[in-house]
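Q: The lines below spell out each chain.
Number of protein chains: 2
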Amino acid sequence: MPTDIEIARQATLIPITDVAKNAGVPDEALIPYGKYKAKIDRDLLQTGDKQGKLILVTAINPTPAGEGKTTTSVGLSDALHRIGKKALLCLREPSLGPCFGVKGGGAGGGKSQVMPMDEINLHFTGDFHAITSAHNLLSAMIDNHIYWGNTLEIDLRRVTWRRVLDMNDRALRQIVGPLGGVSNGFPRETGFDITVASEIMAILCLATDLADLQKRMGDIIIGYRRDKTPVFCRDVKADSAMTVLLKDAILPNLVQTLENNPAFLHGGPFANIAHGCNSVIATSTALKMADYVVTEAGFGADLGAEKFMDIKCRAAGFTPDAVVLVATVRALKMNGGVAKKDLGEPNVDAVRKGSVNLKRHIENVKKFGVTPTIAINHFYLDTDEELAVIKEMAESFGADAVICKHWADGSAGAEELAKIVAAKADAGAPDFKPLYPSEMGLADKITTIATEIYRAANVAIPASVRSQLKQWEEMGYGHFPVCMAKTQYSFSTDPTQLGAPEGHEIAIREVRLSAGAGFVVAICGEIMTMPGLPKIPSAENIYLDDNGQIEGLF
Amino acid sequence: MPTDIEIARQATLIPITDVAKNAGVPDEALIPYGKYKAKIDRDLLQTGDKQGKLILVTAINPTPAGEGKTTTSVGLSDALHRIGKKALLCLREPSLGPCFGVKGGGAGGGKSQVMPMDEINLHFTGDFHAITSAHNLLSAMIDNHIYWGNTLEIDLRRVTWRRVLDMNDRALRQIVGPLGGVSNGFPRETGFDITVASEIMAILCLATDLADLQKRMGDIIIGYRRDKTPVFCRDVKADSAMTVLLKDAILPNLVQTLENNPAFLHGGPFANIAHGCNSVIATSTALKMADYVVTEAGFGADLGAEKFMDIKCRAAGFTPDAVVLVATVRALKMNGGVAKKDLGEPNVDAVRKGSVNLKRHIENVKKFGVTPTIAINHFYLDTDEELAVIKEMAESFGADAVICKHWADGSAGAEELAKIVAAKADAGAPDFKPLYPSEMGLADKITTIATEIYRAANVAIPASVRSQLKQWEEMGYGHFPVCMAKTQYSFSTDPTQLGAPEGHEIAIREVRLSAGAGFVVAICGEIMTMPGLPKIPSAENIYLDDNGQIEGLF
Chain A
-6 MPTDIEIARQ
4 ATLIPITDVA
14 KNAGVPDEAL
24 IPYGKYKAKI
34 DRDLLQTGDK
44 QGKLILVTAI
54 NPTPAGEGKT
64 TTSVGLSDAL
74 HRIGKKALLC
84 LREPSLGPCF
94 GVKGGGAGGG
104 KSQVMPMDEI
114 NLHFTGDFHA
124 ITSAHNLLSA
134 MIDNHIYWGN
144 TLEIDLRRVT
154 WRRVLDMNDR
164 ALRQIVGPLG
174 GVSNGFPRET
184 GFDITVASEI
194 MAILCLATDL
204 ADLQKRMGDI
214 IIGYRRDKTP
224 VFCRDVKADS
234 AMTVLLKDAI
244 LPNLVQTLEN
254 NPAFLHGGPF
264 ANIAHGCNSV
274 IATSTALKMA
284 DYVVTEAGFG
294 ADLGAEKFMD
304 IKCRAAGFTP
314 DAVVLVATVR
324 ALKMNGGVAK
334 KDLGEPNVDA
344 VRKGSVNLKR
354 HIENVKKFGV
364 TPTIAINHFY
374 LDTDEELAVI
384 KEMAESFGAD
394 AVICKHWADG
404 SAGAEELAKI
414 VAAKADAGAP
424 DFKPLYPSEM
434 GLADKITTIA
444 TEIYRAANVA
454 IPASVRSQLK
464 QWEEMGYGHF
474 PVCMAKTQYS
484 FSTDPTQLGA
494 PEGHEIAIRE
504 VRLSAGAGFV
514 VAICGEIMTM
524 PGLPKIPSAE
534 NIYLDDNGQI
544 EGLF
Chain B
-6 MPTDIEIARQ
4 ATLIPITDVA
14 KNAGVPDEAL
24 IPYGKYKAKI
34 DRDLLQTGDK
44 QGKLILVTAI
54 NPTPAGEGKT
64 TTSVGLSDAL
74 HRIGKKALLC
84 LREPSLGPCF
94 GVKGGGAGGG
104 KSQVMPMDEI
114 NLHFTGDFHA
124 ITSAHNLLSA
134 MIDNHIYWGN
144 TLEIDLRRVT
154 WRRVLDMNDR
164 ALRQIVGPLG
174 GVSNGFPRET
184 GFDITVASEI
194 MAILCLATDL
204 ADLQKRMGDI
214 IIGYRRDKTP
224 VFCRDVKADS
234 AMTVLLKDAI
244 LPNLVQTLEN
254 NPAFLHGGPF
264 ANIAHGCNSV
274 IATSTALKMA
284 DYVVTEAGFG
294 ADLGAEKFMD
304 IKCRAAGFTP
314 DAVVLVATVR
324 ALKMNGGVAK
334 KDLGEPNVDA
344 VRKGSVNLKR
354 HIENVKKFGV
364 TPTIAINHFY
374 LDTDEELAVI
384 KEMAESFGAD
394 AVICKHWADG
404 SAGAEELAKI
414 VAAKADAGAP
424 DFKPLYPSEM
434 GLADKITTIA
444 TEIYRAANVA
454 IPASVRSQLK
464 QWEEMGYGHF
474 PVCMAKTQYS
484 FSTDPTQLGA
494 PEGHEIAIRE
504 VRLSAGAGFV
514 VAICGEIMTM
524 PGLPKIPSAE
534 NIYLDDNGQI
544 EGLF
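Chains A and B supply the protein sequences, listed in that same order.
Heads up: the first sequence begins at -6 in the numbering used here, then just goes up one per residue.
Heads up: the second sequence begins at -6 in the numbering used here, then just goes up one per residue.
For reference, chain A alone in the conformation it holds in the complex (with noise of 0.2 Å):
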């Protein structure tokens, strides 16, 4: 079987003039990166009032076995392009740091794969390196503030805001600086996360526009006073040059498939402590242009889809007019209990217990008032009888459930899901609705994830923690949605419990305020927000062969 880079090296791309062409951009309006990567000034484009349909990609709880919901999104677009509609596919960009890690990034797999995956994993067209810069710009100019005198009375045990770099680095998670003396500053605890974990990183990825992402960064709270009352990014006047910084960040990158159709790959925040989706110029570009758009979110539904409803579509006033679910053989046969060594044999039983998985994710999805239509992304060592449960399982259900080959023949593969996900797009979600209204209370909204999708059968919100929810309702933000940050593996907090856990407790451990992004993080259990290096990285196996070919990233 040939591996993903194998056939990606096989393909035959198309200039991205010419994949512009195909989507409808007017060449003023490309800015090409190279031959295969360009932005899209929005401004250029001659929309008019068109609104396309919107189709997001989620899926069960992600296991080691895999569930493919970017292959599927991929496979979906191309499939769609295929029986003939015009569709645009809106992805996340990868992160450069993890690749030097334990493996390289790529978007997709199989015969669905998004091109040209090595220029995409590296720098790309530096979005991520523009976000570094003005994340980094505020930071020096919180310490330039302190160091000048601290007319604004900064609390310096109360900086909140550390710096970033786009680099797997656990030894700059906790650091003091500056030392040295007189002429470097006042010493203070600080530390630096993954790039992608930046708040900017969340704000480009939900601002409508350069005034918004402006206004957003001004609101960042970087830190408090003495008498606790908070400290604005504006306050240090760096927003406007972070705006400069990231003027042709906010730009969405067209990129193609396998099968020269056109995508979107454009911004790419954490999916625990910050939303996880696409940037919303993006999606909102891509709706003006195309018939249908698909998109996906991270992890499982029980994080992903959530906060695409709660959190993306509400900034954006999205409506999702379609959901597809991915699932796999192999990973409901996790979620039965089978362990990862035992997977190649096929056991019915176990995808039938498995499926419980499954069904509470549609369960959860039909609260937002959509019906998903379920993907079984197929896998050579898939059995027809293994199959035939998860779609029995589905439709028992009351979910659509179609088996697709997509990774082993590319659009030829989601033909009939393509077909049934269009039609569904067609009439459209108009029962949609997100879980919670944006009046409800903080500590509501919590509770109310937890209880609803989680199924929790407890929800300890400390009083320190219900204290500072209260707070922040009385400076003004007790509207904003709140974005958990829990393990992705389970709905419950503890990884280990796969399949459909109940009675479990969810505990909140603490919560920040993404004040310029616009929610509340409320975390459950450790995040890692700078991560480290294997003992052997991946880095060390990482080379150009003698063709100026890259060996050892993927």
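Simulated from the structure, these hints should not be mistaken for laboratory data.
Some hints here could point you the wrong way.
Note that identical chains are pooled: a pair holds if it fits in a single copy or bridges any two copies.
Taking lysine-lysine and the DSS-like style, the derived pairs with C-alpha atoms no more than 25 Å apart in a straight line are [what the hints assert, rightly or not]:
1) K221 <-> K208
2) K346 <-> K360
3) K352 <-> K208
4) K28 <-> K240
5) K230 <-> K528
6) K463 <-> K78
7) K14 <-> K384
8) K360 <-> K333
9) K14 <-> K28
10) K240 <-> K221
11) K333 <-> K384
12) K221 <-> K14
Predicted, not measured: the structure shown is a model, and the values here were computed from it.
Given the coordinates of chain A, work out where chain B should sit on it, guided by the hints.
A: Using the frame of chain A, we list chain B on its own:
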């Protein structure tokens, strides 16, 4: 009088594809970055055996009055085009961080500028971001190696490799980390430099191709063991992944002047702890494309020209065919003792007195076997008498001198200079030789530069420094050239000693080995490798106006 930015905004840029065509770059070798920037795939150039003439633009010692080295480089290149010659301009890329400090960069001034200046000063084509990533990947891999058991036995107190950011952030100069216990690593003292101070920057600018780049990065010494034996970048196996990160950054960037002539902007190493010249790759590519290549070197001729000859030309096998030495009436007046506030008053005597600075630079350049041509960069307050004095003095020192008005008039103002310099370049510099042979001992090299160029009466090299140099010679680094880190404002180490100081002592405080870049740095005085921001950073006044134009950057 219009400002640089006003002049720039009235210019009409032509598409970079047309710039490339005019420069003889075939379509397939052009990698566009937006409409007005591109990289050149050197492997796809049809160049043959062409070898253009290399023209170095250097200057008298810089003063706050300005000398206009870059402006003259642009004007000369445009003027060569004007008189029908095929010329290519090779300059350094500006650094992003300092734009948020005192003032923005830009390249050139008046009617002799390189465009598009806003993009060049912001992220440009991402070269500096790539260098930041490559540098910090090595940093992360060093701490990661220590974290996982430190089999190389790196002494935590002797890790010399720091981290970099392209940001003026004094708070990062000196830090302690990683803190936070077992999961983050072993605490040690370290810090950040600005990206242009990275050894990777110097390497990128001296490497002849990707293989040489990787070899040089492998040669970097990242620290020492307890027994003081060096640990190399290749020991932590970072060199090949760093090369992958730099595969595009190594390609020359093509932009245009205000007169739509081609310019390469590529690389920008510090001119104190590094050699301060644009990349060897850009220059050598340009020499294969054009009949005349105009390039410059940082600071005055005592530092810039010397490093250009002894480091860059030696490393690349270049011979300078002509040298232009830029002088201004105002700067010579300051060298003659006039205060900045009095520069508006005509003062023929001060010009005459200050021309000792010009004289000494002419003598120095002649020591390399090349007689410079003096470009008198005209300023609107200059009097005919003052200009005549410089011309007279220059000629009495054995050099031709030409009054140039490219700032006000563009290429028309530098036509005479172009004619003279083209003729000299055609004749070449058959007597060119570096100041010292590679075989000379390191301490003798330092002494040679200090006595021959700086005219020191005494060169103080402490015993500890001598023993360090001796050790490096024993390790096989004796053939390296020396890179002097000294104030740019004076021949001496005292920045207030203008003119042509004599009888001074040059004291070497410290030496550093840049084993990858291939030189030994000799430091005389304080060297700042991470700038800070001023009390009111220019970032506070940088913004996008209602038309999306950047204000406050210049």
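Q: Hint by hint, which ones does the structure fall short of?
A: Of the numbered hints, 3, 6, 7, 8, 10, 12 do not hold.
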